[in-house]
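Sequences listed follow chains A and B, in order. The first sequence lines up with residues 1 to 697 when you count with this note's numbering. The second sequence lines up with residues 1001 to 1117 when you count with this note's numbering.
Everything labelled a hint here was simulated from the structure, so no lab data went into it. Certain hints may be false.
What the hints assert, rightly or not - List time: in silico DSSO-like cross-link candidates among lysine-lysine, alpha-carbon distance up to 30 Å:
1) A:K593 <-> B:K1084
2) B:K1105 <-> A:K671
3) A:K615 <-> B:K1084
4) B:K1105 <-> A:K615
5) A:K546 <-> B:K1038
6) B:K1038 <-> A:K641
7) A:K615 <-> B:K1109
8) A:K615 <-> B:K1008
9) A:K557 <-> B:K1076
10) A:K641 <-> B:K1109
11) A:K593 <-> B:K1085
12) A:K669 <-> B:K1084
13) A:K615 <-> B:K1076
14) A:K546 <-> B:K1043
15) B:K1043 <-> A:K504
16) A:K669 <-> B:K1076
17) B:K1109 <-> A:K669
18) B:K1076 <-> A:K353
19) B:K1111 <-> A:K348
20) B:K1085 <-> A:K557
21) B:K1111 <-> A:K615
22) A:K557 <-> B:K1035
23) A:K15 <-> B:K1043
24) A:K671 <-> B:K1076
Stated by the list, open to error - Label pairs and their calculated CB-CB ranges:
25) B:S1040 <-> A:T345: 55 to 65 Å
26) B:D1010 <-> A:L536: 46 to 56 Å
27) B:N1003 <-> A:Q525: 47 to 57 Å
28) B:E1114 <-> A:N600: 43 to 53 Å
29) B:N1003 <-> A:S445: 51 to 61 Å
30) A:D681 <-> B:N1003: 42 to 52 Å
31) B:T1072 <-> A:Q350: 50 to 60 Å
32) B:D1010 <-> A:E446: 49 to 59 Å
33) A:S466 <-> B:N1003: 49 to 59 Å
For glycine and all other residues, C-beta sits at the position ideal for the given N, C-alpha and C.
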Amino acid sequence: MPSIKLTFKTLISEKGLLRLSLLFAILFWLALIVSDLFLLFAQINQANAGITQEIPYLFLLLFIIFVFFYFRLRIQKAESINFIDLLWHVFSTGLIVSLVQLAIGLFFYLLSDSKLLQNDLAVNFFYHINIAAIIVFLTSTFVVWKRLILYQKNKRLLLIWQFFEYGLLATLLFNFFQSEFQDWVFIGLLGIFFLFGLILSFNLKWIAYLNFKQKWRSILLLALVLLYLYYFLTNLFNFSEEFNLILDLLPNVFVLSLSAFIFIYALISILVILFNLPTSSVFEQKISEVLNFQRLSQSIQKGDNEDQVYNVLLESSTNAVFSLSAWLEIYEKDRKTRIFKSNITDAKIQQVKKSIQESQIFPYLHKHQSESFQKNLNPNKLTANLNDPDYPSTLVVPLVIQDRQIGLLVLLKDVEDGFNKEMIDIINSFVSQACISIENFELLSEALKNERYKEELKIAMRVQKSLLPQELINDDNFEMFAFYESADEVGGDYYDYFRVNENKTAIIIGDVSGKGTSAAFNMSQMKGVFHSLVQLELDPQSFLTKANSALSFCLEKTSFITAAYYMIDSVEKTVTFSRAGHCPALFYNHEGKSVNYFHNRGLGLGIVRSNNYEKYIDVNQISYKPGDKLFLYTDGIVEAKNPEGEEFGYDRLSDVVSTYGSESPEKIKEKVIESLYSFIDSEGLDDDYTIVIIGFF
Amino acid sequence: MINIEITKEDEISIITVAGDVDASSSIHLDEALTKLVKESSVKLIMIDGTQLDYISSAGLGVFMSYIDDFKTNNIKMVLFGLSKKVQNVFEILGLDQLLNIVADKKEAKEKLYEIQS
């Protein structure tokens, strides 16, 4: 059975909780005022109030708890709040609280002579406003301090903190027993929490993450917090001294411990930030190095191009080592050199290059270059002092991918021995990271290119398939069956038919030389030629002659197409055909159960690109009877080889066709393919296989 | 596998082609023929196909592409010694109508002088 859990949190949204706690805090504060004033009224009139001192204490406790709860929810929920925002929050809360107190102070000052101030009820009422304001400030600051202290927390720290926090809240109960306890208990508890606060106050890791500017702002804000605290406490003290208060907030362990803790933490933070100020630039430097490193390594993912990587490398390198000028030269494949500059002119680059060639770096780099960077470079040998008035020292780092140098980074400084070991190390890691990025970039674009090529092949295959007829003729006169299977690559086999008129049907089979996209392209040209010429009702010889001259204009010099053209006349029951260099068709004679190849003269299309073509072509005609079969195929069938290198050949083909010639065209195809595959002894094709079989009725 | 050798007998250049001529190896045949066409002194070429085992359509394409070059440079070429199978490949495409194909070397020489005059 699924358990139904309805927690308080799921019932009320976070926003609802916030509002609810605020509402309760206000309600209990109002209750506190009413009960306190009621008590006071009774006291003044010497009457029995009917409620004890504990009632307002209870309201105070609940008020504090709800305020505390409210700020815990508000300040702790956002994980991303930055430290300055947190301190700003404390500052602004403090500002509002001080304004409230100032307003009350001003009010008291203006009315110092009036009777109102002699009225304890009025004084206590204003004091309660003070109480609320100070509690708000103390608790919200406490929650902010908690976030700061628990930044990068561990289990032990968390445990100490929880002890401290719950202990503090527990002291609220102390009020109930105030009268029964001695002063030393009060002092003792105060001492314990003071110590606790002191120990916790040394968790200041957040300070390290502030930059120089943020540190100054933090000091200012923290100093203001100290100022607020001083003002609030003196205010409380003054009230306590001057007036008869029904509920004095000052002798309260909770309030005093909290104030002490806030004061200590603010003070220690100020001091620590002050001492950290001089080293903050180092920290900032390290952070920027890490960020630059990240930029270099991520630049590929973001789809940046190589130039952006180079720019990031140059920029981060100059920043990392505070170099005055720098340049990055990249050697392109076409022997050109591209130069990325930073604060330097071309003329100056040439000048500095000369001085580098005179330094000991040049022979050292040259030696490694001749060894194809097989050995690791000694980074310390890449820096040298130059004989140059502007740039007395330089650091030169080659960009090496595998064993080839793709570029050179030159950093220049206006002091001698300007590059220490740390700087050399960081530049070396920048350069190697940039090289990795560039290498990845190259690999990626290569992979993309391959992918594109594969995609193109797929398209070519699709185009080729779509060029073949989807439906074939199957009527009273004859039935057609076609089979096409291609190797992985795109082949150039082609067959098609066209019903010239009611009685005449033209059939073509062809093979384009070559493979791949160019074959598919030529094949589509062949289809275009076929469909435009076939409508002219030409005899086979004229058809091929015209096709030859048409294709002569579009085929490459070494390309040619073999084709055979058949015109079936279903009234005369004849097949007229010509062969343009295509493998001769097989004819199965049903009566005689015999087969023979159509041997006649012919020449491939595109071989002779002149009007002479006609004379190389024969036209033949045969008559057919019911049951006869015309078997068309491409050279993939006869040229298929077995593992010994022997070809399937014409004889094996005619044997199979003559054996199964009386079967249906589909059956004949099955038998041919079966014996072909058993002959080549493998499932892998290395050419296209095309078979078209026409069975006459 | 392909093995191509060019020899000279008097004024006749002889290319001996041995092995298989397929799409990849036909490049070597092409190179050999280009080399001869570039030499202006070469006017008579004999192709010895006695040891030619196989020729693919790409190989035929090489011969085909030189027909025009030979004509313009007045170069005469004769093939001889083709096996029945190889000769069949030439015949099916119809190249036997355009090229001079004879049985043996002796006939080839006679044919060369015959067509030269």
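Check each numbered hint from earlier against the structure, then list the numbers of those it violates in ascending order. Those not satisfied are hints 2, 5, 6, 8, 10, 14, 15, 16, 17, 18, 19, 23, 24, 27, 28, 29, 30, 33.
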